[in-house]
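Asker: Put the two chains together into one complex; each comes in its own frame, and the hints tell you how they fit.
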Amino acid sequence: MRLDRAEIMDRLGVGVIVALAIFALALLLLPAVIVVVMSFDTRGYISFPPAGFTLDWYRKVFEQPVLTTAMWTSIKVGLYVTAICILLGVPTALACVRGDFRGATALSVFVLVPHMVPGIVLGVAVLFSGALLGIGPSIWLQSIALSCYVMAVMVRTVMARLQKLDPLLEQASANLGASRWQTFRTITFPLLLPAIMAGAVFTFIEGFDNLSVTIFTHGYRDRPLPIELLAIVQNTNSPLVAAVSSVQILLAMLALAAISLTIGLDRVNE
Amino acid sequence: MSEAGVLSSTTGAAQAAPVVAICKAVKRFGGLTVLDDCSLTAQEGEILTLLGPSGCGKTTLLRCIAGFLTPDSGEILIDGRDTIPVPVNRRSVGVVFQSYALFPHLSVAKNVAYGLRMRATPAAEIATRVKAALATVSLTGFEERYPSQLSGGQQQRVAIARVLVLEPRVLLLDEPFNALDAKLRGTMQMEMRHLIKRLGITAVFVTHDQEEALTMSDRIAVMRAGRIEQLGTPEEIFDRPQSAYVADFVGASNFWEGVAHAGRVALPDGQSVATALDGPVRVMLRPHNLVLRAVGGEAAAWDGTIRFRRHIGALMEYEIEVAGGRMLRAVALRDDTIAALAGGDRVSLGVRDAAACVAFPPA
Chain U
1 MRLDRAEIMD RLGVGVIVAL AIFALALLLL PAVIVVVMSF DTRGYISFPP AGFTLDWYRK
61 VFEQPVLTTA MWTSIKVGLY VTAICILLGV PTALACVRGD FRGATALSVF VLVPHMVPGI
121 VLGVAVLFSG ALLGIGPSIW LQSIALSCYV MAVMVRTVMA RLQKLDPLLE QASANLGASR
181 WQTFRTITFP LLLPAIMAGA VFTFIEGFDN LSVTIFTHGY RDRPLPIELL AIVQNTNSPL
241 VAAVSSVQIL LAMLALAAIS LTIGLDRVNE
Chain S
271 MSEAGVLSST TGAAQAAPVV AICKAVKRFG GLTVLDDCSL TAQEGEILTL LGPSGCGKTT
331 LLRCIAGFLT PDSGEILIDG RDTIPVPVNR RSVGVVFQSY ALFPHLSVAK NVAYGLRMRA
391 TPAAEIATRV KAALATVSLT GFEERYPSQL SGGQQQRVAI ARVLVLEPRV LLLDEPFNAL
451 DAKLRGTMQM EMRHLIKRLG ITAVFVTHDQ EEALTMSDRI AVMRAGRIEQ LGTPEEIFDR
511 PQSAYVADFV GASNFWEGVA HAGRVALPDG QSVATALDGP VRVMLRPHNL VLRAVGGEAA
571 AWDGTIRFRR HIGALMEYEI EVAGGRMLRA VALRDDTIAA LAGGDRVSLG VRDAAACVAF
631 PPA
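Those protein sequence lines, which keep their order, are chains U and S. For what it's worth, my numbering labels the leading residue of the first sequence as 1, then goes sequentially. For what it's worth, my numbering labels the leading residue of the second sequence as 271, then goes sequentially.
For reference, chain S alone in the conformation it holds in the complex (with noise of 0.2 Å):
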């Protein structure tokens, strides 16, 4: 199969062979087609993320390569070979699940073990993998606790201990900080990210969540209704995304509606964003990417009303109705100058950076 024709990484890893490649891989479920045509790879070492909203195929996906369901047709490869024959008890291939799936009946030990038994492995050598396992994950003197007596983030690191033990070539992680609040959320996500670095595991990690996708990735390949929208790190996917509905899902965005001429899109601050369109397009404006002014004697091109403001902790985010009724969200620092402004103002809108814009065609 054409595996080096879906490469579109610009990491430069693309072109060692692919740990992991998905070859137009299919999936009906009765009439509805959850997987159309998903092609991707992972390299050796790569944390790569399927990001798209619920009902987007990406957990499916996933299913796929740890050989739960089987796709009706394209191939799964792990190092080159078909997995697809493969039983699901025989590939090395480890799965972190969503609710971690830890065995009730069996202490932390037990659980961690619980792969190498099943493989006849030597009891003496059990107990130092095991031990070592606990290590890493930082659970050493958990032994002989039962996953109740556990909280959300330590049963979670005894399901990645669990498969860790294991050695597995791919490690595919399904929602893995969905149960956890979030503040232990974000410390968790860190720390998963610098393990598998350490450890240099490949891992295929699914979520709905962009700001984990953008915290985690080294590439995120966006789904939607069963295909992959886009490909790239996560860098490209923030600044560069290739349709509306990337530059929609990931990051918030502000859509302004224009008319392109001549390769360019005059936006109403003066400045102009280069575009290969021609005619009506709409115009991503990411609300970091506002500068907001307080509007003085003269009168601003681009003048608004703030409708609303909310705190984000260092930052404010406004609402600000623009001429024809139309919303625009705005996110600047909180700073003397940011401070005064409250809702009823009036102010000015400007584009910091207008080579961070990207025209799309009109919905």
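The following block holds chain U by itself, in its conformation from the complex (with noise of 0.2 Å):
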């Protein structure tokens, strides 16, 4: 079979793109794969490639009460941070799409700004606020900071799902003799489900491992695992971190798998 020239650059093109592709999962995939390998080393120090397999250093990771402690904080830390942008982001975007009022767009555009900002500038400001405010750095105040950094995900997850919503829906609910909250509550919010429980993972994940907004807010008696990792790098070089890390890809799994077994994943990217 003869090719002609344009049927050789379209096989080329296609030949590219597949490469391309490949690079982009390894490059995505690999430093997580390293991690996890290297947390299996025998040695007491990084290094690759492993020279033996232990799983001493998870043994380790849950007999350090400060590992444990701190990894309890960060959890506190993501439901906290969740429950914060579920009670004010969902509100926020039903007044953004359903709103009638003057700015309603430019509140919609304005949720994006603190996590646009520079994690490392918001918790500064948040950290300055605070001390006006008499609140010194906390879980508390680290839980409102990063519910600022992260609002607008929430806020824009369920605005999307809200506008593909029909109207009609909501108009039905009242000819059918619903009040207003009795729509909210039984056609409306499940509608929402799957848009609040997506942005729920994502605001929960940056809640339990964000670190720049965190140095400046965290509270220093509640230590949370970011900041504690932090420490371990910087004093030692021992696979204990690989293995916290791993344990924390595993949650970020086990949030995405049990996303994909109750709404799917593909209704997340609606």
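What the hints contain is simulated information worked out from the structure, not anything from laboratory work. Ideal placement from N, C-alpha and C gives every residue a C-beta, glycine not left out. Treat the hints with care, since some could be wrong.
[Said to hold, decoys possible] Derived, one-sided and incomplete: chain U residues facing chain S with beta-carbon distance under 10 Å:
| # | residue |
| --- | --- |
| 1 | 168 |
| 2 | 174 |
| 3 | 176 |
| 4 | 193 |
Answerer: Quick look at the structure:
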């Protein structure tokens, strides 16, 4: 079969795209894979490739109260951030999409601002604001700061879903005798739930492992996991960090798996 | 308000108190007047159709009755009571939406039960009434399906059952057949009319489709630019249109330009049409009211040439060019005399029934 010039170029193009896609996938996955591999090393320092296989580092992670406490603190921060983002973000999204007031568009852009500002800047800003209000660095200040930081994700996800929601559904509900609250509870909210869940996964992960905002706002008694990890990396060279990171990767994967099993990953993209 | 004054029905039901009465309703959006002094009534058990092109205000009027919109002025009465202060969810008005607006996350049974649940009806009563409503629309056995698992026709029946289960005083239908394919549409129109008549519900139905209006309605209100142009039975609307607009919108029409003298307009085939007008007029000739004859030896007064013919199932439609380059449309049953006529043939035209022609002032 003879190939003409155009067909050769087409095949070449497809080849380049496939190669780039494989490269991108490797770039995304390789660091995680390497960290997990190193967490099983028998040697007491970080090096690649590993010399043997042991689960000792994982045992040590869960034997160190500093690390388990930090992990628990970070889980709490993740939950607080998620709760704040749902409580404030869902009504904000409703106001932006359904609200009939001047500045609804401005508001929907404004919630993005904290997310655009570098985390360090936001952290310092919240630290100063907290000082003015008499709130020192603590798990609460950290949760509030991170909520500001990731609120945009919740608002934007819920807004996207709301914009696709047929407004006739709410009118039909009213026509069938439902009050505004009944309509929200039985129609709007259940239909927004997949978007809220998707937003919640992202806000939880950000609350769990954000470092830049956390550095300035965390409490010195409630040291969260990213801060402890930074300390370990700065002071030692042990695969302990790799083990903690692997646990975090596992948590993230569990969250994604939970979503794909309950509402489906394809619906998150909506 | 002058409820009786707005009635122009000849159905004889006009004497009873109307179920729905709209009096001088006006609605503006910005500078645009969408409803301009609309008045009409729907009687007990009547199917009243609002017919008109898009933008004529028919959907706005329907949304005012449902309570989604409030008219700027005028009254909307249901059973003689003013509805304007009544919130949407307290009106005894059921809407079947064009897109059905079924709740996608609820099963068929829960969609139908929705309104009863909002009224805190006891569970046992909900179960019986939902069962009965689904039986009414022949959807028994579909209780656990979700809307996405139903065909368009089934979805529509769920939308109807969801409203009927609440036994509304008035049923509002907003172009409910638009999303259905042509064949199913015809069937559903008949089914819907039978169902509404069987249950004796008063219904207001919105459509831009004149055939649908003629099929479904007891009376039709033809709307134009926010006003009601003519209100009457399908026969009155089709046979005695009060304006060229109605004649043109409902059914196909030819308009022939003539001159009226002493109360009559002479047609080229020798017949004449009675009119109150004088001077230049336009005469409505329905395509089915024109008779075609192949031209023999004698030259007829009203000859033309067939330019185009079109099969419409049992009928044949012809475009005929007459003197002056004007095109007339004629429709005839496909029998042997007609089947022989083809493009380019010369024919002579005649009017079957001159009394069925109506004269209008010139455009």
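Asker: If a hint holds in the structure, say so; if it doesn't, say that too.
Answerer: For each hint, the structure was consulted:
Interface restraint check for residue 168 of chain U: the shortest CB-CB distance to chain S comes to about 4 Å, inside 10 Å, so the restraint holds. A least Cβ separation of about 4 Å between residue 174 of chain U and chain S falls short of the 10 Å threshold, and the interface hint therefore holds. A least Cβ separation of about 4 Å between residue 176 of chain U and chain S falls short of the 10 Å threshold, and the interface hint therefore holds. Nearest Cβ of chain S to the Cβ of residue 193 of chain U: about 9 Å, under the 10 Å cut. The hint holds.
Going through the hint list in order, the structure satisfies each hint without exception.
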